[in-house]
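The hints should help you fit chain B onto chain E, whose structure is shown.
Those protein sequences? They're chains E and B, same order as listed. Sequential numbering of the first sequence, starting at 4, is according to our numbering. Sequential numbering of the second sequence, starting at 146, is according to our numbering.
Since the hints were made in silico from the structure, they are not lab data. Treat the hints with caution; some may be incorrect.
From the structure, some residues in chain B lie toward chain E, with a derived Cβ separation under 8 Å [stated by the list, open to error]:
| no. | residue |
| --- | --- |
| 1 | A147 |
| 2 | G161 |
| 3 | Y245 |
| 4 | E246 |
| 5 | F249 |
Which stretches of chain E does chain B cover? Using the computed rule of at least three CB atoms under 8 Å from a CB of chain B, they are [stated by the list, open to error]:
| no. | region |
| --- | --- |
| 6 | 69-76 |
| 7 | 105-111 |
Estimated spans, in silico, between C-beta atoms of each pair [to be verified]:
| no. | chain 1 | residue 1 | chain 2 | residue 2 | range |
| --- | --- | --- | --- | --- | --- |
| 8 | E | D58 | B | S210 | 38 to 46 Å |
| 9 | E | H79 | B | S172 | 27 to 35 Å |
| 10 | B | N216 | E | S11 | 35 to 43 Å |
| 11 | E | A44 | B | Q162 | 43 to 51 Å |
| 12 | B | R208 | E | T48 | 26 to 34 Å |
| 13 | E | S77 | B | G203 | 24 to 32 Å |
| 14 | B | S196 | E | D58 | 29 to 37 Å |
These figures come from a predicted structure and were not determined experimentally. Ideal Cβ positions, reconstructed from N, Cα and C, are used throughout, including at glycine.
Residues per chain, in single letters:
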Amino acid sequence: DQQVKQNSPSLSVQEGRISILNCDYTNSMFDYFLWYKKYPAEGPTFLISISSIKDKNEDGRFTVFLNKSAKHLSLHIVPSQPGDSAVYFCAASSGNFGNEKLTFGTGTRLTIIP
Amino acid sequence: KAGVTQTPRYLIKTRGQQVTLSCSPISGHRSVSWYQQTPGQGLQFLFEYFSETQRNKGNFPGRFSGRQFSNSRSEMNVSTLELGDSALYLCASSSGTGSYEQYFGPGTRLTVT
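In isolation and in its complexed conformation, chain E is listed as follows (with noise of 0.2 Å):
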């Protein structure tokens, strides 16, 4: 059972556009979301991560927004850049010590086109 959905295998965006990638998740358990980059041959990258008790964290270009409601969250970039193409992970925790297991989707490839 795939607990974090990221159910957009690519998406492609123009240079300068807004980029959303999505990921739906299904265990109310998850209280802390995290936003991994990955290159070929590279291992993820941390990118950004929100807090449950928050719907909103904003980091330079990126943006992560939460709505626990709906159980969704959305990674926003602004302007996409074509150093931005690359594979994007959500990934959640249960947040409590001595869980430091995250449960990833499976990713969304982002293409910035020039």
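Frame of chain E; chain B shown alone:
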């Protein structure tokens, strides 16, 4: 600070063999987690070690095992390799004390023939 390092980066083994992968976490991090990445399954959690003890475990068979040393370095072992074990194996480190961000190494690409 130096990042998470993993050795070797690439490995080719045959079915039935066993393999050991190594991970050195970021200095000061006490938690090391291991993940398997395959094209269809994304990143699947294998296990996590904290202060030399396995603290969390995913749903993988007993052929997958690990350990952590007193300097927080960790090793993962897979015995009796199967073709389906071909994957990218990633380790991630974190403080282990309530900071949920994990920092990943570059991975070891294992190919089983």
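Checked hints:
A distance limit of 8 Å between C-beta atoms decides the matter here; for B/A147 the minimum to chain E is near 14 Å, and the interface restraint is violated. A least Cβ separation of about 28 Å between B/G161 and chain E goes past the 8 Å threshold, and the interface hint is therefore violated. About 5 Å separates the beta-carbon of B/Y245 from the nearest beta-carbon of chain E, less than 8 Å, and the hint is met. At about 5 Å, the closest approach between the beta carbon of B/E246 and any beta carbon in chain E falls short of 8 Å, and the interface hint on this residue holds.
Interface restraint check: B/F249 against chain E, minimum CB-CB distance 3 Å, threshold 8 Å, status holds. Only when three residues or more bring their CB closer than 8 Å to a CB of chain B does the claim for the region 69-76 of chain E stand; here the count is 0, and the claim is violated. Coverage of the region 105-111 of chain E by chain B holds [criterion: at least 3 residues with CB-CB distance below 8 Å; count 6]. Checked against the given bound of 38 to 46 Å, the beta carbons of E/D58 and B/S210, roughly 41 Å apart, stay inside it.
Take E/H79 and B/S172: their Cβ atoms lie about 34 Å apart, and the range 27 to 35 Å holds. A beta carbon spacing of about 42 Å between B/N216 and E/S11 agrees with the range 35 to 43 Å that was offered as a hint. For E/A44 paired with B/Q162, a C-beta distance near 24 Å fails the hint of 43 to 51 Å. Restraint check, B/R208 to E/T48: a C-beta distance of roughly 30 Å satisfies the suggested window 26 to 34 Å.
Separation of E/S77 from B/G203 is about 27 Å and conforms to the stated range, judged on CB atoms against 24 to 32 Å. Distance hint check: the CB atoms of B/S196 and E/D58 are about 35 Å apart, consistent with the given range 29 to 37 Å.
In summary, the structure is inconsistent with hints 1, 2, 6 and 11 from the numbered list given earlier, while agreeing with the others.
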